[in-house]
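With the hints as constraints, model all of the structure from the sequences given.
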Amino acid sequence: MPVFKTPFNGYSVKFSPFYESRLAVATAQNFGILGNGRVHVLDLSPAAPALTELVAFDTADGVYDLAWSESHDSLLIAAVADGSVKIYDTALPPTANPIRSLHEHTREVHSADYNPTRRDSFITSSWDDTVKLWTVDRPTSVRTFKEHAYCVYNATWNPRHSDVFCSASGDCTLRIWDVREMGSTMIIPAHEFEILACDWNKYDDCLIASASVDKSIKIWDVRNYRVPIAVLNGHGYAVRKVKFSPHRRNLLASCSYDMTVCLWDFMVEDALVGRYDHHTEFAVGVDMSVLVEGLLASTGWDELVYVWQQGMDPRAV
Amino acid sequence: MAMRELVTGGAACAVPGSSSSSNPLGALANALIGSSSKTQERLQEVPTSTPVTSEPNFYAETDNHLGALPGSEFDQSLLPPNAQGSEFLRGFRSADQNGFTDAWDEIQHQSDGPPFDHFYDRAAAPQLQPTLDGPPQRVLSSFLHSFVESSRSGIPFHPAALPLLGLSEGDKKCIRDRSSIMARHFFADQSEDFINAQVNTLLSSLEIDSDARGKGPLPGRFRELEDYWNESQSMRNTGPHPADGWVAEYGQHRVAHGDPDAWAHSFEQQHGANGWASEFEREQVLLTSGDQMRGGNISNLAAMEQTRMLAQTLAQNHDPKFQNSRFLQFVSKMSRGELIIDDNQVKPATLPASGDWASEYQQQYNNGPAWADEFARNEASRESIEAKLSRGPEGWADEFAAAQEQQGSVDDQWVNEFSKLHVGDWAEEFGQQISEGAFDTSGDSWANAYDEFLNEQVVAKVRSDASRGVYVFSDMNPYVGHPNPLKEGQELFRKGLLSEAVLALEAEVLKNPENSEGWRLLGIAHAENDDDQQAIAAMMRAHEAEPTNLEVLLSLGVSHTNELEQAAALKYLYGWLRHHPKYGTIAPPELSDSLYYADVARLFVEAARLSPEDADVHIVLGVLYNLSRQYDKAIESFQTALKLKPQDYSLWNKLGATQANSVQSADAILAYQRALDLKPNYVRAWANMGISYANQGMYEESVRYYVRALAMNPKADNAWQYLRISLSSASRNDMLEACDSRNLDVLQKEFPL
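So the sequence lines, in the order shown, correspond to chains A and B. Going by my numbering, the first sequence opens with residue 45, and the numbers climb by one from there. Going by my numbering, the second sequence opens with residue 14, and the numbers climb by one from there.
Among the hints, erroneous ones may be present.
Straight-line distance between alpha carbons at most 30 Å, and here's what the computed DSS-like set of lysine-lysine pairs gives [said to hold, decoys possible]:
(1) K658/B to K692/B
(2) K186/B to K190/A
(3) K508/B to K762/B
(4) K49/A to K185/B
(5) K692/B to K762/B
(6) K656/B to K508/B
(7) K185/B to K190/A
(8) K646/B to K692/B
(9) K500/B to K692/B
If we take Cβ atoms under 7 Å as the criterion, some of the chain A residues that face chain B in the derived model are [to be verified]:
(10) N74
(11) F75
(12) L78
(13) D164
(14) S165
(15) T179
(16) V208
(17) V223
(18) A282
Derived by calculation from the structure, the hints in this document are not laboratory data. We put the beta carbon where it would ideally sit given N, CA and C, even for glycine.
In structure tokens, the structure reads:
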């Protein structure tokens, strides 16, 4: 399956919601500890399975995450380690980009997520302990959500309720927010260790997955959040990202500092349904295509981006 | 009492990250995770990819794809009919408090307008750092790499002498802040102490002041509670709030309740039901300071002291060369705009092109209404489905009940709990309680609950200490019941039968837990058997039984040095001085609160001046110089001590370890040989010998020594790890299985000494 070599360490990979063959990769030099960053927009040519670069944008600091716009097929939001949020138009050459650079976060921005239902706004989460709500057309953020006591590593919109999102923080809690409310609506002390990622189930809008430094993934039902519905053990190190399948209710993908990408079915007893150990360094980015069922992408600190069909070996040429 | 860790430290001083170095850590990293070679193999499989700058039909497909808007599937059919959840989430909204809904909806109206007209004017050219690709930067890169990799083996990361990198203050801040946050993700299995040591090693190697750390760890155990506390605080601070009223009310109330017994209620009033976490924390601090001599708390204190001490040491280390660094000048010129990188990617002066793309853009987005329509349609159909689904408020309650049955966990209280999150409700309730004077009873029950919780926490803490600082006894000890296990233990120890001696001495301290000599000997036996964790645990007990025993203090100092716990090491070494009959007077007691390396070292230099004939002082000085990595001075001190005490085998071992640290592995082997001549069953010296051979790239030789050490003490876990590294470095993968299964028979046959 296709592989792409990035000059810097991979940090995040996202499929375009508009083109089944397009994806974007966020990278950072020196593992994001120091140096530049680059956003690559890649194209997957169906004829010869190869990833080709359509365009790349350089940044003065590592890029930690990306989000494609849900309203315009060429817009891309980048979460940059220098605290800025940059908006790129992938249709324009690098010299005309970024089309906007938003400086409000005071620390590294660690995630970005575009509202999938209202499609007019996006949220970013940062090591400055806040989540910010933005629209592409405003020079400043619409709102800042500050309640977490430590870095917010991830924030994701509910796939059905356009006002609800969830945030995952190093303060060991998940918080659920309704942007029409002043404070968070719900606090789930989900893990004993830092929580690095969260995602909503795409079919049951009450289910959230949380991924933690404690190596586990937990599935929560917001209607009854005292105990998790499922605890998925199997990663050997901190779980870095978690992503529910857009096609199958019970399926989710995760990647970890143990260098593997795992697929899970959280409703069955042997939850681990697939393990891919194609990365030779920490696997930190994983995504599942909305447009092609079973198409997975991952990136890691080994500077490689893989795209493969579920069930296949990512390394098979 | 040797310096196993220090030995490996010296090894890493070569070129970090380079796989060809004779560094066992590098080799370990390679062996465990197959870094460089594996990557290269992989790379050849990668199909060549040529960057395509612009694709002609980049836009062509847009229209077709807009039809299949992602996310639209979430709007309707895919949500299964039994998705009661939506109703639940709908219930989230209580009352619109501050017009957030309007603000939120307004976004949509605004974005209907023509937002993109002025949109591109703001294009800011990327201000890139120079690509970090010169030789020193590559060194930095591989150094950071080895830091990241050290997480996988859980092996301490060792300092390296790096060329001057000329990092700017901003760069340093980045490295400092990010590495300390990331380290907490990589090293989750390790103690806070270990993480600090790793990060501090990284920072000190890069000459970065570790003090001004932007984002330290959260205080470990009570993070969750702290959140609630922070939350109750921030709730009070943000804007108009129903709670404000009762805060004032509380103010009046508190005046009336001056007596300390009322703390429980007044506290609850002050911080809300959740705020007692902070009180708990305060309590905990008291507890901690109360029993700081016990077990795990030491490590917390040590972490604090360590940070403070390192900060001081490093603060004195401001290199003037740094100011003259060409790299720094380059960067600062860049930031003033005196330099422009002339690269086709980076032309800061270029204004965004205007004409062509604007029209193109218009075209592209002109079909906006189309998808808007579609969206509206989806919206409508969704609405109708929802109408069918919703059966009024009792509807979702039923659904919830059903869901709960499904979950199998009955928890009727959640509704109440949940509504408490809406502060308005409980604030009211609270007001009622105040007016009814209902506090005496509720306060009591609350206090009970608090006590319970406190107990639980204490129990949990003890449990977590078990992994560290608590002595673990062997089961099935044949010496239990022995009439005089101490004498037996001393005899066995003298004969060099260390593992047997350990058992006998364990029997002794089980019989007489207050016998400091028993514990001390047990600690020494473990140290010589290459098990520092148990050695420290035993020495701590000896220290408890007899806090002023000099040998115990010295052993603890050395063991903590081995484990890279500098603050703890300093504390014991200073204690040694304090309680020494000769030098007690030169150690001012006020120092013991905040120990800095420089002060302690100064005192010992003074002591050595007072009595140059005291070998012990030179030994401690040698250990201290190891702490500050002044190996030449350390070697000198140990050599002086050896002139006074030539028969001290552990001293020869210390000398060897220090020589190994300063990359004099050949000399080190001679020193270890002297130690082994004096004490043939000295497991640690055998293992150290192996390390020295490995450092010189003589892996096959090193294997023999490790196997020998392990034959004498199969419980020396570190030696097993080293053996594995050497086996793979010597390309003896055929023996790895024997190593993994700890099959000593096979190994001894294969590698006789």
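Evaluated hints:
1. Note on K658/B and K692/B: the hinted pairing holds, with a Cα-Cα distance of about 15 Å set against a maximum of 30 Å.
2. This hinted pair checks out: K186/B and K190/A have alpha carbons roughly 24 Å apart, not beyond 30 Å.
3. Between the alpha carbons of K508/B and K762/B the distance comes to roughly 25 Å, so the proposed pair stays at or under 30 Å and holds.
4. In summary, the hint linking K49/A to K185/B is supported, as the alpha carbons are separated by about 28 Å, within the 30 Å threshold.
5. At most 30 Å may separate the alpha-carbon atoms for a hinted pair to count; K692/B and K762/B meet this at roughly 24 Å.
6. Proximity of K656/B to K508/B is assessed by CA-CA distance (about 25 Å); at most 30 Å being required, the pair is judged to hold.
7. For the hint linking K185/B to K190/A, the alpha-carbon distance of about 27 Å falls within 30 Å, and the restraint holds.
8. Straight-line distance between C-alpha atoms of K646/B and K692/B comes to about 26 Å, which keeps the hinted pair within the 30 Å bound.
9. Of the supplied pair hints, the one linking K500/B and K692/B holds, its CA atoms being roughly 20 Å apart against a limit of 30 Å.
10. For N74/A, the suggested interface contact is upheld, since its CB lies about 5 Å from the closest CB of chain B, less than 7 Å.
11. For F75/A, the shortest C-beta to C-beta distance to chain B is roughly 6 Å, which falls under 7 Å, so the interface hint holds.
12. Checking L78/A against chain B: minimum C-beta separation of about 5 Å stays under 7 Å; hint holds.
13. With a cut of 7 Å, the hint placing D164/A at the interface with chain B holds, because the nearest CB-to-CB distance is about 4 Å.
14. Proximity of S165/A to chain B holds as hinted, the smallest CB-CB distance being about 6 Å (cut-off 7 Å).
15. A least Cβ separation of about 5 Å between T179/A and chain B falls short of the 7 Å threshold, and the interface hint therefore holds.
16. Hint status for V208/A: holds, given a least beta-carbon distance of 6 Å to chain B, under 7 Å.
17. Among the interface hints, the one on V223/A holds; its C-beta lies about 5 Å from the nearest C-beta in chain B, closer than the 7 Å criterion.
18. Contact between A282/A and chain B, as hinted, is supported at the beta carbon level, the nearest pair being about 5 Å apart and thus within 7 Å.
Violated hints are absent here; each numbered hint is respected by the structure.
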